[in-house]
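> Construct all of the structure, not just a fragment, from the sequences and the given hints.
Just so you know, the protein sequences line up as chains A and B, in that order.
The numbering of the first sequence is numbering that gives the first Met the number 0, which starts it at 0 and goes up by one.
The numbering of the second sequence is numbering that gives the first Met the number 0, which starts it at 0 and goes up by one.
Read the hints as simulated data drawn from the structure, not as lab findings.
One or more hints might be untrue.
Stated by the list, open to error - The list that follows gives simulated cross-link-like pairs (lysine-lysine, BS3-like), each with its CA atoms no further than 30 Å apart:
#	chain 1	residue 1	chain 2	residue 2
1	A	K117	B	K93
2	B	K93	A	K133
3	B	K93	A	K21
4	B	K161	A	K122
5	A	K106	B	K69
6	B	K161	A	K106
Claimed, not checked - Quick partial rundown of chain B residues pointing at chain A, CB under 8 Å, derived from the structure:
#	residue
7	D155
8	N158
9	V159
10	V162
11	P177
12	Y253
We treat Cβ as the ideally placed atom computed from N, Cα and C, and that holds for glycine.
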Amino acid sequence: MSAKPFLNIDHVDKVFPLGKGKEYVALRDVKLEIRENEIVSIIGHSGCGKSTLLNMIAGLDTITSGVILLEDREINAPGPERAVVFQNHSLLPWLTVYQNIEMAVKKVRDDLNAQEVKEHVMKYIDLVNLDHAKDKYPGEISGGMKQRVGIARALSIEPKVLLMDEPFGALDSLTRANLQDHLMRIQMQTGNTVVIITHDVDEAVLLSDRVIMMTNGPEATIGEILEVNLPRPRKRLELQHNEEYLRCRGAIVEFLYSKFAKHDD
Amino acid sequence: MPFKWINAVALPILLFGVIIALWSTISEKIPGFPPPLEVWNELIVVLSDPFYNNGAGDQGIALQLLSSLKRVFGGFALAIAVGVPVGLLIGMSKSAQTAFNPYIQILKPVSPLAWLPLALFVFKDVDMTAIFVIFITSIWPIIINTALGVRSVSEDYLNVAKVLQLTPFERVFQIILPVAVPFIFTGMRLSLGIAWLVIVAAEMLTGGLGIGFWIWDEYNNLNYSHIIIGIILIGVVGYILDTIMGFIADYFDYRKRGRV
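Here it is as structure tokens:
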């Protein structure tokens, strides 16, 4: 690991006040350093605070104590250098695919002229292979396509970090596999730093350089960090019987269903 | 398929027959109650010269209706101009909602006729009074629906606005208004319906020109078939107004353009 981490989550706590002096400690002493160009996934049972952690990196949630630094600058508000892909895509339904991305580009890249904006938007529509659907409204395209637009919109503002909150969670498994392949291809092209929240073991291993395993709440924290030493580009078919793949998969399953099994909910 | 179409025409015609039969029975029982045929003949007379003008009290039916519509649109426009901004404010600010809510809840159920004497006293003018009464009774659905529309903006869209660091101005015009517009038009449609209800009652009391006063005048003239004609025309105009508002509302509703 390099001396200076790109994204540094330093002793972060998250406490929700419950009123009447009571409080709920969601996250306790979370410490994580993320390198540039790295794909990291955060996995854990529901209620482990993984989405809260992502929202704090995004600046959408406040940090109770500790600090999150991006390139040594403290994060305390949302900003376009940390683009978020939301689970339910959150495209604006009154805008077309093109307009959804254009709106983000126009706001963040006010240095571009009209022609450059157009080229920029088309570049990212092209990146997610959606040229044919650029004039469609979100209501007219499939869930997988919507999520690709969400990814294109997030990437179009050229963020330093791409934050993805269970980006493929609402999709069927075939569409999900397709989008995972898209994401890996795009990340190899753009070299983005990516943080993905997931509860899918295979997704975590397939996509990540490192898998961050969270313990259960309350007072959830990082339990183990797993290095996935698989070369890229990764092909899901070839990984089926790959020893390293199976080792990583086994380690996560062991963590989630033995060490930190969750029996309630 | 053709059977369905025949049904769509035949059933209302069948019911029309029942209504006419009932009406005829009533007119036989109550001396002076105009039978359907008499009303029909009068309707032709009234509609054949809708624009005649014999001075203040005696004008054609179209002029009466237009005069009512002018007041309705005056009050309605005022209600939109005030109601939409107030609704936006209430929807976006919890404090504004807390401040406004008790007054909205208390003033909303007040009958338009209760406002009338106060308005007459203040304005001492028939038109201004009618416009004010329409304004004050039709503004509530606009305020309430606009605020509802603003509050229905999903947290996800607002998060998008936060990540992109939209200014408050951009947030209103790029995120909140597109979501709220269909709600605002629903409010406007309800509001226009109320305004058309109110104008008839208001004109009966204020007098002058207008369909409400026309009906009252014909009552005093013992011209009962004109009262029924008035009722039918008020209904038809109200239906046309509602249909037009419905078209406009659909046009501005992104959900109705195959977009979900």
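> Hints first: check each against the structure and report whether it holds.
Results for each hint:
1. As the CA atoms of K117/A and K93/B are separated by approximately 39 Å, the hinted pair breaks the 30 Å bound.
2. Between K93/B and K133/A the alpha-carbon distance is near 38 Å, which puts this suggested pair outside the 30 Å criterion.
3. Between K93/B and K21/A the CA atoms are separated by roughly 25 Å; this keeps the pair inside 30 Å, and the hint holds.
4. Using a Cα cut-off of 30 Å, the hinted pair K161/B and K122/A holds, with the two alpha carbons roughly 24 Å apart.
5. Only pairs whose Cα atoms come within 30 Å are accepted, and K106/A paired with K69/B is rejected, the gap being roughly 44 Å.
6. Restraint check: the Cα-Cα separation between K161/B and K106/A comes to about 12 Å, which is no more than 30 Å; the hinted pair holds.
7. The closest approach between the C-beta of D155/B and any C-beta of chain A is roughly 4 Å, which is under the 8 Å cut-off, so the hint is satisfied.
8. Taking 8 Å as the C-beta cut-off, the interface hint given for N158/B holds, the closest approach to chain A being about 6 Å.
9. Checking V159/B against chain A by beta carbon gives a least distance of about 6 Å; that is within 8 Å, so the hint holds.
10. Proximity of V162/B to chain A holds as hinted, the smallest CB-CB distance being about 5 Å (cut-off 8 Å).
11. The closest approach between the C-beta of P177/B and any C-beta of chain A is roughly 5 Å, which is under the 8 Å cut-off, so the hint is satisfied.
12. For the restraint placing Y253/B at the interface with chain A, the shortest Cβ-Cβ distance is roughly 4 Å, inside the 8 Å limit, so the hint holds.
Hint check: violations occur at hints 1, 2 and 5; the rest are consistent with the structure.
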